[in-house]
Amino acid sequence: SAVISQKPSRDICQRGTSLTIQCQVDSQVTMMFWYRQQPGQSLTLIATANQGSEATYESGFVIDKFPISRPNLTFSTLTVSNMSPEDSSIYLCSAVQTGANVLTFGAGSRLTVL
Amino acid sequence: QKEVEQNSGPLSVPEGAIASLNCTYSDRGSQSFFWYRQYSGKSPELIMSIYSNGDKEDGRFTAQLNKASQYVSLLIRDSQPSDSATYLCAVNRGNFNKFYFGSGTKLNVKP
Numbered sequence: 012s013a014v015i016s017q018k019p020s021r022d023i024c025q026r027g028t029s030l031t032i033q034c035q036v037d038s039q040v041t042m043m044f045w046y047r048q049q050p051g052q053s054l055t056l057i058a059t060a061n062q063g064s065e066a067t068y069e070s071g072f073v074i075d076k077f078p079i080s081r082p083n084l085t086f087s088t089l090t091v092s093n094m095s096p097e098d099s100s101i102y103l104c105s106a107v108q109t110g111a112n113v114l115t116f117g118a119g120s121r122l123t124v125l
Numbered sequence: 665q666k667e668v669e670q671n672s673g674p675l676s677v678p679e680g681a682i683a684s685l686n687c688t689y690s691d692r693g694s695q696s697f698f699w700y701r702q703y704s705g706k707s708p709e710l711i712m713s714i715y716s717n718g719d720k721e722d723g724r725f726t727a728q729l730n731k732a733s734q735y736v737s738l739l740i741r742d743s744q745p746s747d748s749a750t751y752l753c754a755v756n757r758g759n760f761n762k763f764y765f766g767s768g769t770k771l772n773v774k775p
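So the protein lines, in turn, are chains A and Z. Just so it is clear: in the first sequence, position 81 is 92 by this note's numbering, and no numbers are missing. Just so it is clear: in the second sequence, position 16 is 680 by this note's numbering, and no numbers are missing.
Incorrect hints may appear among the rest.
Stated by the list, open to error - Derived DSS-like pairs (lysine-lysine); straight-line CA-CA distance at most 27 Å:
id, chain 1, residue 1, chain 2, residue 2
1, Z, Lys762, A, Lys76
2, A, Lys76, Z, Lys706
3, Z, Lys666, Z, Lys731
4, A, Lys18, Z, Lys762
5, Z, Lys666, A, Lys76
6, Z, Lys770, Z, Lys666
7, Z, Lys706, Z, Lys666
8, Z, Lys706, A, Lys18
9, Z, Lys731, Z, Lys706
10, Z, Lys706, Z, Lys762
As the list claims (entries may be wrong) - Covered by chain A, according to a simulated footprint, are these stretches of chain Z (three or more residues, beta-carbon under 8 Å):
id, region
11, 700–710
12, 745–756
13, 762–769
Claimed, not checked - Here are the simulated distance ranges between beta carbons:
id, chain 1, residue 1, chain 2, residue 2, range
14, A, Gln25, Z, Asn730, 44 to 52 Å
15, A, Gly110, Z, Pro775, 22 to 30 Å
16, A, Pro50, Z, Lys666, 18 to 26 Å
17, A, Gly110, Z, Gly693, 43 to 51 Å
18, Z, Ser704, A, Thr28, 33 to 41 Å
19, Z, Glu709, A, Gly110, 44 to 52 Å
20, A, Gln33, Z, Leu710, 19 to 27 Å
21, Z, Pro775, A, Thr28, 41 to 49 Å
22, Z, Ser733, A, Thr28, 43 to 51 Å
23, A, Ala118, Z, Tyr715, 24 to 32 Å
24, Z, Glu709, A, Asn83, 23 to 31 Å
25, Z, Pro678, A, Ile74, 31 to 39 Å
26, Z, Pro674, A, Glu97, 22 to 30 Å
Hints listed in this document are in silico derivations from the structure and should not be mistaken for laboratory results. Since the structure is predicted, the reported quantities are computational estimates derived from the model, not experimental observations. No residue lacks a Cβ here, since even glycine has one placed at the ideal position from N, Cα and C.
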């Protein structure tokens, strides 16, 4: 299965700032997704990262708050903008490898907002 | 109604017993079904996938699917303390579609 690298693995940020998380996959993938996992909770889908076009956001998530880019088949970024303590969470990049219908996850980025 | 529902647990079983984890889903168009295991502080990892009604076995794990009842289960035989984790059920409507996750069931296997 695809190997997904995310960075940073963790960060502590101040309220009102923005942070960009990078996701790199080692092979071509069809779909890339960004999930959020708040403490003790399950995975919530933020958006589908579409190559070369605007991401498709789930209900409750908007582009101004979570801008996403996917300039090519193997790379995507998620920005968490104007952060507040409620944004403290683990953000997970995931992907479906070409030819397979299996979702693989990166190690996650643990974000703490003070 | 949530896309995927699971009992949050915790489910406690003694070592060597069978652990039974259950999941229901709301969209009859769902075509693919998955069980992920997530250890504390780690990202989810795939255990099993199942696409057709019936049972699918892989080592100590058996996934069961009943599309008529919109029900998926995971059986873990000879449970080990190392199986203690949160188990997430996920469904997908087919290729190029999103994956929806249940809230997860926490399993504790007691030595």
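Hint by hint, here is what the structure shows:
A threshold of 27 Å between alpha carbons decides the hint, and for Lys762/Z with Lys76/A the separation of about 21 Å falls inside it, so the pair holds. For the proposed pair Lys76/A and Lys706/Z, the alpha carbon gap of about 26 Å is at most 27 Å, so the pair holds. Restraint check: the Cα-Cα separation between Lys666/Z and Lys731/Z comes to about 17 Å, which is no more than 27 Å; the hinted pair holds. As the CA atoms of Lys18/A and Lys762/Z are separated by approximately 23 Å, the hinted pair is consistent with the 27 Å bound.
At most 27 Å may separate the alpha-carbon atoms for a hinted pair to count; Lys666/Z and Lys76/A meet this at roughly 24 Å. The suggested pairing of Lys770/Z with Lys666/Z holds, with an alpha-carbon distance near 19 Å, which does not exceed 27 Å. Only pairs whose Cα atoms come within 27 Å are accepted, and Lys706/Z paired with Lys666/Z is accepted, the gap being roughly 24 Å. Distance hint between Lys706/Z and Lys18/A is fulfilled; the C-alpha atoms sit about 15 Å from each other, no more than 27 Å.
For the proposed pair Lys731/Z and Lys706/Z, the alpha carbon gap of about 31 Å is over 27 Å, so the pair is violated. About 22 Å separates the Cα atoms of Lys706/Z and Lys762/Z, which keeps this hinted pair within 27 Å; it holds. Figure legend: the region 700–710 of chain Z, annotated as covered by chain A; annotation consistent (5 residues with Cβ-Cβ distances under 8 Å, at least 3 required). With a threshold of 8 Å between beta carbons, the proposed coverage of the region 745–756 of chain Z by chain A holds, since 3 of its residues qualify and at least three are required.
For the region 762–769 of chain Z, the proposed coverage by chain A is satisfied: 7 residues have a C-beta within less than 8 Å of a C-beta in that chain, meeting the threshold of three. As the Cβ distance of Gln25/A to Asn730/Z is approximately 50 Å, the hint placing it in 44 to 52 Å holds. About 41 Å separates the C-beta atoms of Gly110/A and Pro775/Z, a value inconsistent with the hinted range of 22 to 30 Å. Our hint of 18 to 26 Å for Pro50/A and Lys666/Z holds, since their Cβ atoms are close to 19 Å apart.
Against the hinted window of 43 to 51 Å, the Cβ-Cβ separation of Gly110/A and Gly693/Z comes to about 22 Å, which falls outside the hint. Range check, Ser704/Z to Thr28/A: about 28 Å between beta-carbon atoms, so the 33 to 41 Å window is missed. Evaluation of the 44 to 52 Å hint for Glu709/Z and Gly110/A yields a failure: the beta carbon distance comes to about 20 Å. In this structure the hint that Gln33/A and Leu710/Z lie 19 to 27 Å apart at CB holds, the actual value being about 23 Å.
Distance hint check for Pro775/Z and Thr28/A: the Cβ-Cβ separation is about 46 Å, which falls inside the suggested range of 41 to 49 Å. For the pair Ser733/Z and Thr28/A, the supplied restraint of 43 to 51 Å holds, since their beta-carbon distance comes to about 48 Å. Distance hint check: the CB atoms of Ala118/A and Tyr715/Z are about 28 Å apart, consistent with the given range 24 to 32 Å. Take Glu709/Z and Asn83/A: their Cβ atoms lie about 26 Å apart, and the range 23 to 31 Å holds.
With their beta carbons about 50 Å apart, Pro678/Z and Ile74/A fall outside the hinted range of 31 to 39 Å. In this structure, Pro674/Z and Glu97/A meet the distance hint of 22 to 30 Å, their C-beta atoms being roughly 27 Å apart.
Violated hints, in rising order: 9, 15, 17, 18, 19 and 25; the structure is consistent with all others.
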